[in-house]
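Asks: Spelled out from the first residue to the last, the chains are:
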Amino acid sequence: MDAINIFIKSAFIENMVLAYFLGMCSFLAVSKSVKTAFGLGLAVIFVLGITMPINWVINTYLLSESGLLHTDLTFLRFILFIAVIASMVQLVEMVIEKFSPALYTSLGIFLPLITVNCAILGGSLFMISREYNFTESVAFGLGGGFGWFLAIVMLAAIREKIRYSDVPAPLRGLGMAFILTGLMGIAFMSLMGIDPAALAK
Amino acid sequence: MADTAVKEVKEKKPLLGKKERKLLLDPLNDNNPITVQVLGICSALAVTSMVLPSVVISVAVVFVTAFSSLFVSLLRRKIPKQVRMIAQLVIIAFLVTVVELLLKAYNYPVYKQLSVYIGLIITNCIVMGRLEAFAMANKPWPAFLDGIGNGLGYGAILIGVSVIRELFGKGSLFAGTPIALNIIGPTSDYWINTTTNPWFSWYVNNNLMVLPVAAMFIIGVFIWVQRTFNQKLVDVS
Numbered sequence: 000m001d002a003i004n005i006f007i008k009s010a011f012i013e014n015m016v017l018a019y020f021l022g023m024c025s026f027l028a029v030s031k032s033v034k035t036a037f038g039l040g041l042a043v044i045f046v047l048g049i050t051m052p053i054n055w056v057i058n059t060y061l062l063s064e065s066g067l068l069h070t071d072l073t074f075l076r077f078i079l080f081i082a083v084i085a086s087m088v089q090l091v092e093m094v095i096e097k098f099s100p101a102l103y104t105s106l107g108i109f110l111p112l113i114t115v116n117c118a119i120l121g122g123s124l125f126m127i128s129r130e131y132n133f134t135e136s137v138a139f140g141l142g143g144g145f146g147w148f149l150a151i152v153m154l155a156a157i158r159e160k161i162r163y164s165d166v167p168a169p170l171r172g173l174g175m176a177f178i179l180t181g182l183m184g185i186a187f188m189s190l191m192g193i194d195p196a197a198l199a200k
Numbered sequence: 000m001a002d003t004a005v006k007e008v009k010e011k012k013p014l015l016g017k018k019e020r021k022l023l024l025d026p027l028n029d030n031n032p033i034t035v036q037v038l039g040i041c042s043a044l045a046v047t048s049m050v051l052p053s054v055v056i057s058v059a060v061v062f063v064t065a066f067s068s069l070f071v072s073l074l075r076r077k078i079p080k081q082v083r084m085i086a087q088l089v090i091i092a093f094l095v096t097v098v099e100l101l102l103k104a105y106n107y108p109v110y111k112q113l114s115v116y117i118g119l120i121i122t123n124c125i126v127m128g129r130l131e132a133f134a135m136a137n138k139p140w141p142a143f144l145d146g147i148g149n150g151l152g153y154g155a156i157l158i159g160v161s162v163i164r165e166l167f168g169k170g171s172l173f174a175g176t177p178i179a180l181n182i183i184g185p186t187s188d189y190w191i192n193t194t195t196n197p198w199f200s201w202y203v204n205n206n207l208m209v210l211p212v213a214a215m216f217i218i219g220v221f222i223w224v225q226r227t228f229n230q231k232l233v234d235v236s
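First to last, the protein sequences are chains A and B. Quick note on numbering: the first sequence equals residues 0 to 200 in numbering that gives the first Met the number 0. Quick note on numbering: the second sequence equals residues 0 to 236 in numbering that gives the first Met the number 0.
These are computed hints drawn from the structure, not numbers from a lab. Just so you know, even glycine gets a beta-carbon here, dropped at the ideal spot from N, CA and C. Each hint should be verified, as a subset may be incorrect.
Unchecked claim - So the derived label-pair ranges between C-beta atoms look like this:
(1) A:168 with B:196: 36 to 46 Å
(2) B:229 with A:164: 17 to 27 Å
(3) A:74 with B:176: 22 to 32 Å
(4) A:74 with B:107: 41 to 51 Å
(5) B:89 with A:66: 39 to 49 Å
(6) A:1 with B:229: 48 to 58 Å
(7) A:159 with B:196: 48 to 58 Å
(8) B:175 with A:159: 37 to 47 Å
Could you put together the complete structure from these sequences and hints?
Replies: Structure below.
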């Protein structure tokens with residue numbers, strides 16, 4: 000039950016993009032069409048869902064003082080987390096290149112840039128600071144990824160529609176994406192602080 | 000995203016020829032990392048609520064992009080494609096640690112104020128974006144200039160946004176530095192005291208400006224202004 004609450008909370012209430020503004024670069028740059036946004040969103044769900052449990056295991060059994068090595072190695076946290084994330088992204092890149100070359104070209108540089116997508120590393124650091132257990136960290140990873148996926152598909156859908164509106168030419172495209180994200184962020188601010196565990200009672 | 004892959008220069012050329020100057024100046028306007036390439040937005044939202052952190056981060060990013068581009072470009076034939084991201088990240092993390100230790104040694108108060116943001120340079124996509132797009136395919140000297148140019152283009156936007164946010168959000172400018180200016184506010188510490196000044200009694204600091212959302216709107220407007228003057232960037236699709 001806790002895991003479901005964490006999933007809902009991380010997907011909707013504490014949305015990575017619209018509440019914490021993490022992972023903005025690829026969010027804004029790849030949201031031109033729903034199809035590409037969908038592909039990148041799935042890749043982010045996968046990377047977050049995989050790296051979060053791996054990083055949890057590394058943090059609990061390798062880096063913490065009560066772990067297998069009996070020494071406090073938390074100063075290695077950044078570099079190890081980033082290494083795990085980079086290798087997972089490299090894996091995803093190879094898989095996408097093999098099975099969907101069209102998606103691979105349309106994602107371009109923003110596929111390797113998932114590595115430095117702050118939502119991924121930020122997610123792992125949130126998981127540590129909130130002291131989640133293993134199942135909770137899986138739920139948090141999948142929920143955070145799903146929230147990111149939802150946000151980018153939403154923005155892409157709005158941008159596809161707004162192409163038919165009479166936006167001033169210099170504001171078309173990227174400028175409008177910034178302002179739309181700002182408005183979506185204001186909308187999500189009103190969800191902040193809702194506690195699904197309390198609502199269920 | 001603009002494609003900046005430049006063919007490698009064969010013959011001997013002066014250190015700062017036409018092409019090199021283009022590498023250095025292009026990112027300030029035509030190929031700005033934030034408003035055109037869409038790189039490094041996260042940190043642009045996080046640090047720009049005041050001018051001081053923006054300036055320090057900009058200087059640090061210029062340093063890190065320049066030297067990581069240089070090193071990656073020197074190693075570009077040695078790094079296998081399958082592990083290139085990890086190799087790049089190790090170089091970036093090393094440089095960021097150097098910046099962090101330098102700041103800690105020479106300016107501890109600023110380090111205390113900024114410690115989290117300095118670490119965030121590792122996940123700043125400008126650095127890795129330029130490594131992937133330029134340094135992996137170009138010689139060390141152009142790559143180094145490209146790094147400096149992109150750092151400067153990023154810094155220009157960052158400082159612009161932070162001036163607006165600090166002025167309208169907090170009523171001050173350069174707070175925390177020796178040249179701190181308290182411009183408008185409700186106490187007598189400020190130049191324009193809104194409680195006594197008859198013309199500004201309506202003025203209240205805008206709390207929205209302190210939130211990251213404000214940076215989205217400001218950068219959106221920056222893009223609007225830039226594209227009004229630079230028609231070739233206008234999105235026709």
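Asks: May I ask which of the numbered hints given earlier this structure violates, with the numbers listed in increasing order?
Replies: Violated hints: 4, 5; rest satisfied.
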